[in-house]
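Throw the hints in and build the complete structure from the sequences for me.
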Amino acid sequence: MITKAIHSLALPRPRLIATLLIINGLAYISYGYSSYEYVGDPINILNLLSGFDVDEVLIVDLSASSSHQLNIRLLSKLRAVADFPLAYAGGIKSAIHADCIMQLGFDKIFLAACNPSLPTLLKQISECYGIQALGLSVDYAIDNNKRYIYNPYIRRNSQLSLSSFLGSLQVNLLSDLLFSCVDRAGHKTGLDLSILQEDYICVIDNPILLSGGLHSQGSQLLKNVNQLYPGVAGFVASSSIFLQSGSSSALVCLERHF
Amino acid sequence: MDESDPQIVFFEDGSCSHCRHAIKYASSASSTRYSLNQIVSWIKDLASTSNHSKYDCIVGLSGGVDSTWLLHLLDQTDLRIFVHHVDTGWNTPKAVSNIYRICNKLGQDLHTHVLDWNLFRQIQQAYFYLGVINQDVPQDIAIFSSQIIACKENGIICLASGANNTTESILPGAWGHHWHDVANLRKIFQQFWHKSLQDFPYADYSDLAAYRLNYYEQLNIRTLNVLDLIKYSKSSAIQILKDSYRYEEYPHKHGESSWTLYYQAIYLPSVYGIDKRKAHLSNLIVNHDITRDVALEKLSQPTLSQNTKLELANLVALKLGIPLDHALEPGKYIIPCSHLSFSRTKELIDSYTSLYYQSPVSERAKIFLEYIASYQSL
Numbered sequence: 095m096i097t098k099a100i101h102s103l104a105l106p107r108p109r110l111i112a113t114l115l116i117i118n119g120l121a122y123i124s125y126g127y128s129s130y131e132y133v134g135d136p137i138n139i140l141n142l143l144s145g146f147d148v149d150e151v152l153i154v155d156l157s158a159s160s161s162h163q164l165n166i167r168l169l170s171k172l173r174a175v176a177d178f179p180l181a182y183a184g185g186i187k188s189a190i191h192a193d194c195i196m197q198l199g200f201d202k203i204f205l206a207a208c209n210p211s212l213p214t215l216l217k218q219i220s221e222c223y224g225i226q227a228l229g230l231s232v233d234y235a236i237d238n239n240k241r242y243i244y245n246p247y248i249r250r251n252s253q254l255s256l257s258s259f260l261g262s263l264q265v266n267l268l269s270d271l272l273f274s275c276v277d278r279a280g281h282k283t284g285l286d287l288s289i290l291q292e293d294y295i296c297v298i299d300n301p302i303l304l305s306g307g308l309h310s311q312g313s314q315l316l317k318n319v320n321q322l323y324p325g326v327a328g329f330v331a332s333s334s335i336f337l338q339s340g341s342s343s344a345l346v347c348l349e350r351h352f
Numbered sequence: 003m004d005e006s007d008p009q010i011v012f013f014e015d016g017s018c019s020h021c022r023h024a025i026k027y028a029s030s031a032s033s034t035r036y037s038l039n040q041i042v043s044w045i046k047d048l049a050s051t052s053n054h055s056k057y058d059c060i061v062g063l064s065g066g067v068d069s070t071w072l073l074h075l076l077d078q079t080d081l082r083i084f085v086h087h088v089d090t091g092w093n094t095p096k097a098v099s100n101i102y103r104i105c106n107k108l109g110q111d112l113h114t115h116v117l118d119w120n121l122f123r124q125i126q127q128a129y130f131y132l133g134v135i136n137q138d139v140p141q142d143i144a145i146f147s148s149q150i151i152a153c154k155e156n157g158i159i160c161l162a163s164g165a166n167n168t169t170e171s172i173l174p175g176a177w178g179h180h181w182h183d184v185a186n187l188r189k190i191f192q193q194f195w196h197k198s199l200q201d202f203p204y205a206d207y208s209d210l211a212a213y214r215l216n217y218y219e220q221l222n223i224r225t226l227n228v229l230d231l232i233k234y235s236k237s238s239a240i241q242i243l244k245d246s247y248r249y250e251e252y253p254h255k256h257g258e259s260s261w262t263l264y265y266q267a268i269y270l271p272s273v274y275g276i277d278k279r280k281a282h283l284s285n286l287i288v289n290h291d292i293t294r295d296v297a298l299e300k301l302s303q304p305t306l307s308q309n310t311k312l313e314l315a316n317l318v319a320l321k322l323g324i325p326l327d328h329a330l331e332p333g334k335y336i337i338p339c340s341h342l343s344f345s346r347t348k349e350l351i352d353s354y355t356s357l358y359y360q361s362p363v364s365e366r367a368k369i370f371l372e373y374i375a376s377y378q379s380l
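Residue numbers (the working numbering), protein chains in the order written: chain A, 95 to 352; chain B, 3 to 380.
If you are wondering where the hints come from, they were derived from the structure by calculation, not from laboratory data.
Remember, it's a predicted structure, so these values are computed and weren't measured experimentally.
Incorrect hints may have been included.
Claimed, not checked - Below, computed lysine-lysine pairings styled on DSSO-like, alpha-carbon distance capped at 30 Å:
no., chain 1, residue 1, chain 2, residue 2
1, B, K255, B, K300
2, A, K171, B, K311
3, B, K348, B, K197
4, A, K171, B, K96
5, B, K154, B, K56
6, B, K26, B, K233
7, B, K280, B, K96
8, B, K255, B, K348
9, B, K311, B, K236
10, B, K233, B, K107
11, B, K334, B, K280
12, B, K96, B, K255
13, B, K244, B, K96
14, B, K233, B, K56
15, B, K107, A, K282
16, B, K300, B, K233
17, B, K255, A, K171
18, A, K171, B, K334
19, A, K282, B, K96
20, B, K280, B, K236
21, B, K236, A, K171
22, A, K282, B, K56
23, B, K26, B, K348
24, B, K107, B, K244
Encoded structure:
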């Protein structure tokens, strides 16, 4: 806890990270990982984000996850239009894939918790590019007040609890840990802040990012969150929610309050 | 204005056909201004004929000054407004920010229609490389047909528009092409891609034509160009929007759309030698907003700085998937080509439009039907 207190003092504010969800080369919003709404051309959305106070953008290519083929052409265009740090997730099955992404000029790679080659990849990528270039995306769902790793292939919880997963994870091989609450994704019902009070989270020294449920009404809480929850390094919001509605945007509201 | 409009006519006193038209319009318009209350009353009367709608009118919001000011004005009344936005994939960060800020402060929900980008990109590639003069036709057709469909789906009778002649009455016909010429668009697409265009536009041509002619009985949607009906000062509007919503002014006209800015500031000067600022500034001179000397000084400056030009061309190249050189200096790679090369629809639209307006109201339904039948047979 002492380490985290120092960490929070070093950070003037939590990072704000926008996600850009890509399916077949176009941008979408996910609702609970079960339905998706088309929101337009990812190149222009990335260009729009340059006008906001976003610290990083995480590009998640769902098509690459299912096809195991990286959309290099699109990713190089996205890199060319973005003037902020870019992270990537989706379809990283080997060190060669990771190398392709880093060669394009991306700053970080997020591996998925359900990646079958996770232990090997963590070691290979962190050795090659350093732990600051590697994050882990942990999708979880809540069942009977317990959190379980979410398996996107079967679209429901695995039998593996979040605490067991983290207990076996070599967290010293990576930097950011991104916790995404599947049930709240796209629904703007508020972040799952109670996860921060779990013992298995409190013992982690890695920067923690929270995703799923961010909404403008919670911005006052978020403004003070690094005092209330020193372990939180940042928040991840859907990049496109502010395009869809004038009255319930999280992203633009956060820009003002920080 | 100058000879870059091939149809311009100069008179002995030094004035030109455009200025005379604009001055005549301004003097006739100034005698027929209405109060906002009167406008609201008309809208409510129209809305009362639709018994199932939750809304009295639709307002298309682009993030530009005109539409933002219109929403500001109408929100001060008790009208129930459907705020509609079409995302063509070219919104600028400032436009998105301006749209968010006014909708958020007024508590208005924004209804956004996002175009199918893969299809729209193909249409724009065809327009770009075939070198036609009005590169905004695809955007305009998409935006207006989307508005029409939103009206029909929500039982809205009144379309309150921010379009106005106060700032746009000077625009040479030779610099453009009918925005609603769907047949021409289809031919251009087919010529370039060697396949027919599917799923575009979203509204029938008869609805677009009725909208263009304001043929209410056919469309069952009445368009009110509100800013032409009331007293409207753009500079005052901008100041109030800045104070009320932290509205950010655009450094260039049409700065809410990267594509329109590119088309007017890079494509038209490079391919056609046309500087649209001449028309915009002439309008401001006629309205006594600026002097001729100020306008000439502005014209002597480049439209965009080198950095802005490069950034804009880079964005266009990335989005359309074309080489940066082509986007940066299109005049070197593109041969100008008339819209008429693809279809002869312009003459038909022109002749039926004048026939429609010159005919007694009782004959207009018949003329409209003939017009649509002739158009669709081409």
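To see whether the hints hold, each was checked on the structure:
1. For the hint pairing K255 (chain B) with K300 (chain B), the CA-to-CA distance comes to about 13 Å; that is within 30 Å, so the pair holds.
2. The hinted pair formed by K171 (chain A) and K311 (chain B) meets the criterion: a straight-line CA distance of about 18 Å does not exceed 30 Å.
3. For a cut-off of 30 Å, the pair hint linking K348 (chain B) to K197 (chain B) stands: about 23 Å separates their Cα positions.
4. Using a Cα cut-off of 30 Å, the hinted pair K171 (chain A) and K96 (chain B) holds, with the two alpha carbons roughly 22 Å apart.
5. Proximity of K154 (chain B) to K56 (chain B) is assessed by CA-CA distance (about 12 Å); at most 30 Å being required, the pair is judged to hold.
6. Pair hint K26 (chain B) plus K233 (chain B) holds up; C-alpha atoms about 17 Å apart against a cutoff of 30 Å.
7. About 25 Å separates the Cα atoms of K280 (chain B) and K96 (chain B), which keeps this hinted pair within 30 Å; it holds.
8. Annotation: proposed proximity of K255 (chain B) to K348 (chain B) holds, straight-line Cα distance about 27 Å (limit 30 Å).
9. Between the alpha carbons of K311 (chain B) and K236 (chain B) the distance comes to roughly 26 Å, so the proposed pair stays at or under 30 Å and holds.
10. Taken as a hint, the K233 (chain B) and K107 (chain B) pair is honoured in the structure, with Cα atoms around 24 Å apart against an allowance of 30 Å.
11. With a CA separation close to 23 Å, the supplied pair K334 (chain B) and K280 (chain B) stays within the 30 Å bound.
12. Straight-line distance between C-alpha atoms of K96 (chain B) and K255 (chain B) comes to about 13 Å, which keeps the hinted pair within the 30 Å bound.
13. Among the hinted pairs, K244 (chain B) with K96 (chain B) is consistent with the structure: their alpha-carbon atoms are about 13 Å apart, no more than 30 Å.
14. A hinted pair counts as satisfied when its Cα atoms are at most 30 Å apart, and K233 (chain B) with K56 (chain B) qualifies at roughly 29 Å.
15. Using a Cα cut-off of 30 Å, the hinted pair K107 (chain B) and K282 (chain A) holds, with the two alpha carbons roughly 19 Å apart.
16. Note on K300 (chain B) and K233 (chain B): the hinted pairing holds, with a Cα-Cα distance of about 27 Å set against a maximum of 30 Å.
17. A threshold of 30 Å between alpha carbons decides the hint, and for K255 (chain B) with K171 (chain A) the separation of about 27 Å falls inside it, so the pair holds.
18. Of the pairs offered as hints, the one joining K171 (chain A) and K334 (chain B) holds, with about 24 Å between alpha carbons and a cut-off of 30 Å not exceeded.
19. Pair hint K282 (chain A) plus K96 (chain B) holds up; C-alpha atoms about 24 Å apart against a cutoff of 30 Å.
20. Restraint check for K280 (chain B) and K236 (chain B): the C-alpha separation of about 18 Å stays at or below 30 Å, so the hint holds.
21. Between the alpha carbons of K236 (chain B) and K171 (chain A) the distance comes to roughly 38 Å, so the proposed pair goes past 30 Å and is violated.
22. Taken as a hint, the K282 (chain A) and K56 (chain B) pair is honoured in the structure, with Cα atoms around 25 Å apart against an allowance of 30 Å.
23. With a C-alpha separation of about 26 Å, the suggested pairing of K26 (chain B) with K348 (chain B) holds against the 30 Å cut-off.
24. About 13 Å separates the Cα atoms of K107 (chain B) and K244 (chain B), which keeps this hinted pair within 30 Å; it holds.
Hint compliance for this structure: hint 21 is the single one not met.
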